[in-house]
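Undergrad: Sequence:
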Amino acid sequence: MSKPKEEVQNKEYFKEIHFLYEIVNSLKNTEEIKKFLKDILTKSELRMLKRRWHIASLLVKGLDLRTVASKSKTSTQTVSKIKKIIEEGEGGIVLALKRTEKEINKERKVFKDRYLHSSKFVKRWFG
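At position 72 of the sequence shown the residue is numbered 71 (numbering that gives the first Met the number 0), and the sequence of numbers has no breaks.
When the alpha-carbon atoms are kept at most 20 Å apart in a straight line, the in silico SDA-like pairs for lysine to any residue are as follows:
(1) K80 / L48
(2) K49 / T66
(3) K33 / E102
(4) K27 / K37
Hints in this document: simulated from the structure, not taken from any laboratory.
Given only the sequences and the hints, what does the whole structure look like? Please build it.
TA: Okay, structure coming up:
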(Lines of atoms letter the chains of each structure in order from A and count residues from 1; the text may use other names and numbers.)
(Lines give C-alpha, C1' and ligand atoms only; values in the text may rest on other atoms or scores of the structure.)
Protein backbone atom coordinates (compact mmCIF):
# COMPACT_ATOMS: atom_id res chain seq x y z
CA MET A 1 0.00 0.00 0.00
CA SER A 2 1.44 3.38 -0.96
CA LYS A 3 1.80 6.28 1.42
CA PRO A 4 -1.27 8.59 1.40
CA LYS A 5 -0.51 11.95 -0.18
CA GLU A 6 -2.89 13.94 2.00
CA GLU A 7 -5.29 13.48 4.88
CA VAL A 8 -8.88 12.69 3.93
CA GLN A 9 -11.38 15.39 4.96
CA ASN A 10 -14.53 13.26 4.60
CA LYS A 11 -16.86 12.93 7.64
CA GLU A 12 -17.44 9.22 6.91
CA TYR A 13 -13.70 8.66 7.09
CA PHE A 14 -13.56 10.13 10.59
CA LYS A 15 -16.50 7.96 11.71
CA GLU A 16 -14.64 4.89 10.46
CA ILE A 17 -11.44 5.93 12.22
CA HIS A 18 -13.34 6.40 15.49
CA PHE A 19 -14.91 2.98 14.94
CA LEU A 20 -11.40 1.54 14.55
CA TYR A 21 -10.48 2.95 17.98
CA GLU A 22 -13.62 1.33 19.40
CA ILE A 23 -12.67 -1.99 17.82
CA VAL A 24 -9.19 -1.94 19.36
CA ASN A 25 -10.70 -0.93 22.71
CA SER A 26 -13.16 -3.84 22.54
CA LEU A 27 -10.47 -6.49 22.10
CA LYS A 28 -10.17 -8.51 25.29
CA ASN A 29 -6.50 -9.38 25.55
CA THR A 30 -3.07 -9.10 24.03
CA GLU A 31 -3.58 -12.16 21.86
CA GLU A 32 -6.71 -10.68 20.24
CA ILE A 33 -4.94 -7.36 19.63
CA LYS A 34 -1.96 -9.19 18.14
CA LYS A 35 -4.21 -11.12 15.73
CA PHE A 36 -6.06 -7.94 14.75
CA LEU A 37 -2.86 -5.98 14.07
CA LYS A 38 -1.38 -8.85 12.06
CA ASP A 39 -4.52 -8.92 9.92
CA ILE A 40 -4.87 -5.18 9.38
CA LEU A 41 -1.19 -4.21 8.99
CA THR A 42 1.38 -5.47 6.50
CA LYS A 43 4.60 -7.03 7.79
CA SER A 44 6.40 -3.84 6.82
CA GLU A 45 3.92 -1.70 8.76
CA LEU A 46 4.29 -3.95 11.81
CA ARG A 47 8.08 -3.64 11.58
CA MET A 48 7.77 0.15 11.38
CA LEU A 49 5.45 0.17 14.38
CA LYS A 50 7.87 -1.99 16.41
CA ARG A 51 10.80 0.21 15.41
CA ARG A 52 8.95 3.41 16.37
CA TRP A 53 8.06 1.89 19.74
CA HIS A 54 11.69 0.86 20.30
CA ILE A 55 12.93 4.35 19.39
CA ALA A 56 10.38 5.99 21.69
CA SER A 57 11.33 3.75 24.61
CA LEU A 58 15.03 4.58 24.16
CA LEU A 59 14.31 8.31 23.93
CA VAL A 60 12.18 8.28 27.08
CA LYS A 61 15.07 6.58 28.90
CA GLY A 62 17.09 9.70 28.10
CA LEU A 63 19.44 8.42 25.41
CA ASP A 64 20.71 10.97 22.90
CA LEU A 65 19.65 10.98 19.23
CA ARG A 66 22.82 9.40 17.84
CA THR A 67 22.85 6.60 20.40
CA VAL A 68 19.17 5.84 19.73
CA ALA A 69 19.80 5.88 15.96
CA SER A 70 22.70 3.49 16.40
CA LYS A 71 20.83 1.10 18.72
CA SER A 72 17.68 1.09 16.57
CA LYS A 73 19.59 0.98 13.27
CA THR A 74 17.72 4.02 11.93
CA SER A 75 18.67 7.50 10.83
CA THR A 76 18.87 10.44 13.20
CA GLN A 77 16.12 12.01 11.08
CA THR A 78 13.74 9.15 11.97
CA VAL A 79 14.70 9.42 15.63
CA SER A 80 14.12 13.19 15.50
CA LYS A 81 10.61 12.62 14.12
CA ILE A 82 9.74 10.27 16.97
CA LYS A 83 11.26 12.69 19.49
CA LYS A 84 9.09 15.48 18.09
CA ILE A 85 5.99 13.27 18.41
CA ILE A 86 6.89 12.55 22.04
CA GLU A 87 7.40 16.23 22.79
CA GLU A 88 4.54 17.74 20.76
CA GLY A 89 2.11 14.88 20.16
CA GLU A 90 -1.08 13.91 21.98
CA GLY A 91 0.80 12.19 24.81
CA GLY A 92 -0.25 8.68 23.84
CA ILE A 93 3.25 7.30 23.43
CA VAL A 94 4.40 8.65 26.78
CA LEU A 95 1.28 7.31 28.50
CA ALA A 96 1.74 3.87 26.94
CA LEU A 97 5.44 3.81 27.83
CA LYS A 98 4.69 4.70 31.46
CA ARG A 99 2.06 1.97 31.72
CA THR A 100 4.24 -0.69 30.13
CA GLU A 101 7.21 0.37 32.26
CA LYS A 102 5.14 -0.32 35.38
CA GLU A 103 4.23 -3.77 34.06
CA ILE A 104 7.81 -4.55 33.09
CA ASN A 105 9.05 -3.50 36.54
CA LYS A 106 6.42 -5.75 38.18
CA GLU A 107 7.57 -8.70 36.05
CA ARG A 108 11.22 -7.99 36.88
CA LYS A 109 10.40 -7.91 40.59
CA VAL A 110 8.53 -11.22 40.38
CA PHE A 111 11.40 -12.78 38.44
CA LYS A 112 13.95 -11.36 40.88
CA ASP A 113 11.96 -12.65 43.88
CA ARG A 114 11.67 -16.10 42.30
CA TYR A 115 15.36 -16.11 41.45
CA LEU A 116 16.35 -15.07 44.97
CA HIS A 117 14.00 -17.63 46.49
CA SER A 118 15.33 -20.39 44.28
CA SER A 119 18.95 -19.49 45.02
CA LYS A 120 18.21 -19.70 48.77
CA PHE A 121 16.69 -23.13 48.16
CA VAL A 122 19.75 -24.28 46.23
CA LYS A 123 22.15 -22.97 48.90
CA ARG A 124 20.17 -24.62 51.68
CA TRP A 125 20.05 -28.03 50.02
CA PHE A 126 23.22 -28.12 47.98
CA GLY A 127 25.47 -25.43 49.52
